[in-house]
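**Student:** Take a look at the letters that make up each chain.
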Amino acid sequence: MVRILPKGKLARREALWFYFFIAPWIIGFLWFTGGPIVASFYLSFTKYNAANPPKWIGFTNYVRLVHDRIFYKSLKVSAYYTFLSVPLGITASLALALLLNQRVPFLGVYRTLYYLPSVITGVAVALLFQWLLNPSFGIVNYVISWLLGPKGVIPLGITGPKWFFDTKWVIPAYVLLSLWGLGGPMLIYLAGLQGVPTALYEAATIDGANAWHRFRHVTLPMISPVILFTFITGIIGSFQIFTQAYVISNGNGGPAYASMFYVLYLYLNAFRRYRFGYAAAQAWILFLVILGLTVLMLRLSRQVVYYEAPGEEEAI
Amino acid sequence: MSRRRVGLAFEVLSVMLVAIFLFTACAGGAAPAQPAAGKQPAAEKPAAEKPAAEKPAAKRKIVWMVRTNVVENPWEQNIVKPAFEKENPDITLDILIIDQPDIAVKREAMIAAGEQLDVWSTNWGGDGFASDRYRGLIMNLTPLIERDNLDMSVFIPEVLKIYNIEGKQWGLPLLTTGSYVFYNMKLFDEAGLPYPPTDWEDKSWTWDRMLDLAKKLTKNYDDPTKAQYGWIENRQNIEGPAMLFGKFPWPEGTYETGFAKSINLTDPVTIDAYQKHHDLIYVHKVQPDAAASEALSQLGGAFESGRVAMYETGGWGWWIFSRIKPDVEGGFCWGVAPLPWGTPDANIRAVIYTDPWVITRGLKGQELEDAWTFVKFLVREDNARSYMKATNTPPTQKKLQEEWFQQFECMKPEQVKEVYQGAFRHGLESSNHLLVRWDELNQIWSNALDAYFNDPNGKASDVLPQLEKDLTEALQRIADEEGYKFQ
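Taken in order, these protein sequences are the chains called A and B.
Under the working numbering, the first residue of the first sequence is numbered 669, with each subsequent residue one higher.
Under the working numbering, the first residue of the second sequence is numbered 1306, with each subsequent residue one higher.
Derived by calculation from the structure, the hints in this document are not laboratory data.
All C-beta atoms in this analysis are idealised placements derived from N, C-alpha and C, irrespective of residue type, glycine included.
The reader is advised that the hints may include incorrect statements.
As the list claims (entries may be wrong) - Calculated cross-link-like contacts (lysine-lysine; reagent style BS3-like; alpha-carbon spacing at most 25 Å): (1) B:K1774 - A:K744; (2) A:K715 - B:K1704; (3) B:K1790 - A:K836; (4) B:K1694 - B:K1704.
What the hints assert, rightly or not - Which bits of chain A does chain B cover? Going by a derived footprint, with three or more residues having C-beta under 8 Å, they are: (5) 821 to 835; (6) 938 to 944.
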């Protein structure tokens, strides 16, 4: 039997105060998060269109999903995006953090400037990139044409892709957009880097290690738990991309479903096609996919992630 | 009981009380402030709880859902609300303004949750009238019309008929329009070219004639920053491009039932029609590609930019372009022409768009009476006129249309009448109003057709067979999911 209140007057009193202060959060979680989770599990076995009560249909939604071509397409699109954006995001934000960890004048200004874009997210960034990457009027293609176009500095005849209008380039375009939010992970890496004891670097230098060796054999192992954390949260986040895709593709996931991200398809099924049961089944499959990937990452990480203190692994 | 136990009991009790308080607060927040749809309104309850002299009976309320719109919203808030509340002092009109893409979801969620929603319009955002009727969200107005002997002869009969299914009137139309070619007179004048006709029967106004004009009016095509385009079209659903060439892809009876077993996109004429539209961009180079069109739209509107000679779109151009005037900086005179004849048999080639006011199904008693009072108020001649004047939208009442024809400074009223009314003799109501789950179908064809029109090497003969297959599959699944059985 689970003991809610510990023995001893002081411990019990502390526990009661703990429950007192945590109660709003627990109630909120049970009411606003736990309730919908349980409801969505039930709905995934029903046919429900909001206008009529849910009707139990067993595993039909899951069976239909197995035969749904767009469901597979959306999984592939999200996986492709994750495959590109997560490693690129980690590499770029780590590189930025390394630069901003140097002792240079106006460091605070640089840190603020590089973090600043992360403050603006969602619709505003989507609209901004829609303009930046417009094939005809966007500044990105303008620069490409100026540099590499038929009359460019280096006349290679390259005028830039059609980005969001091209099935091959639409995901790379979303990956570029995702780099706008580098500030968040950059800050985490910066904190991680500052936690690396300087004694280790001094010892490595005395042993003759150059900058690359120090990075490879001191920095990377010491911040590997941070990298694992950003890797896992990055995968979870990239599988849940929605706002940008909804705004830029006008809710269609086009062209030719090339930007039909998993959560966009889920949203469309739920709120544009009123297939709430079907969408709930999708949500549970997404949950299982993310859970599976997270467990896999944690297992694989045992070989490569270094924990300075025993027990840190459990905390991740 | 020892002091320790008393203290412990007190602490546990405190936690429980806080928990109960929070639960109650949550429940209180979720409860509707006003009586839910179908329930007895507060004003009708017996005044037993408090004497009337102490507290006057609460005002009744109507919830009117409208779309976000810069011209409609001021009319709703500053004209309709004060006027209606003055005439009906015991009713408060609550205006719920929702962005158009979210409006269908919002109203369905409100109705499902039992929140009060009385009067709204189908067709705004996502699925339209057919879906709302099939799902049982809207009320048959015929008994109310007959009871009050409402004069329906004021409406244009063809327009009224659109929302009359099996003898039941489901909505009263507030605006109606066809689809047209809006053209920039200034660019025609500069090029020394004659304007297109206003007569839908004019057989000289062919696709080839339009293309010839578009070529002459296109300049600097390869430089989007300086380009002037001869033609841009705003695709009118899946059927629009085919209808221009005399083919209607939906099976007979689709618009009556709201369901189709299949769609025909592999007819050689339909394939040729879609290829001809594609050629406008990549072969004839008179129309910008999607990227340039989007950029022009975001810069204040493609047609409004003054760099597009002919713009084929739905009749919302009548009111959207009404702000373009020759005496305003950057403005110009614009005219309106019929859609060109793709083939000589393309008699029915315009897509018609009509929006009705509807009442939520299930309203009863006083709430229903109030909602009906408000709908009658909205379609009353003076209010329909104020809507027409405030928004410049084409009215649905015969008398008002004659007034509406007068207000275009660059076209004569008889020309406006000829071109406007011609669309109704040569058109059919849009599939987005008359097909169940149109929004889903639209996403399917948009995905395929957007990719096709973005691909310079795209071939209609490659794209349309697969699209036909995908749509047919979706149509049958939709019928199955909605429980519809084909005859």
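**Student:** Each of the hints needs a verdict: does it hold here or not?
**Tutor:** Hint-by-hint comparison with the structure:
no. : hint              : in the structure
1   : B:K1774 - A:K744  : holds, 22 Å
2   : A:K715 - B:K1704  : violated, 48 Å
3   : B:K1790 - A:K836  : violated, 41 Å
4   : B:K1694 - B:K1704 : holds, 14 Å
5   : 821 to 835        : holds (count 4)
6   : 938 to 944        : holds (count 5)
Checked against the numbered hints listed earlier, the structure breaks hints 2, 3; every other hint is satisfied.
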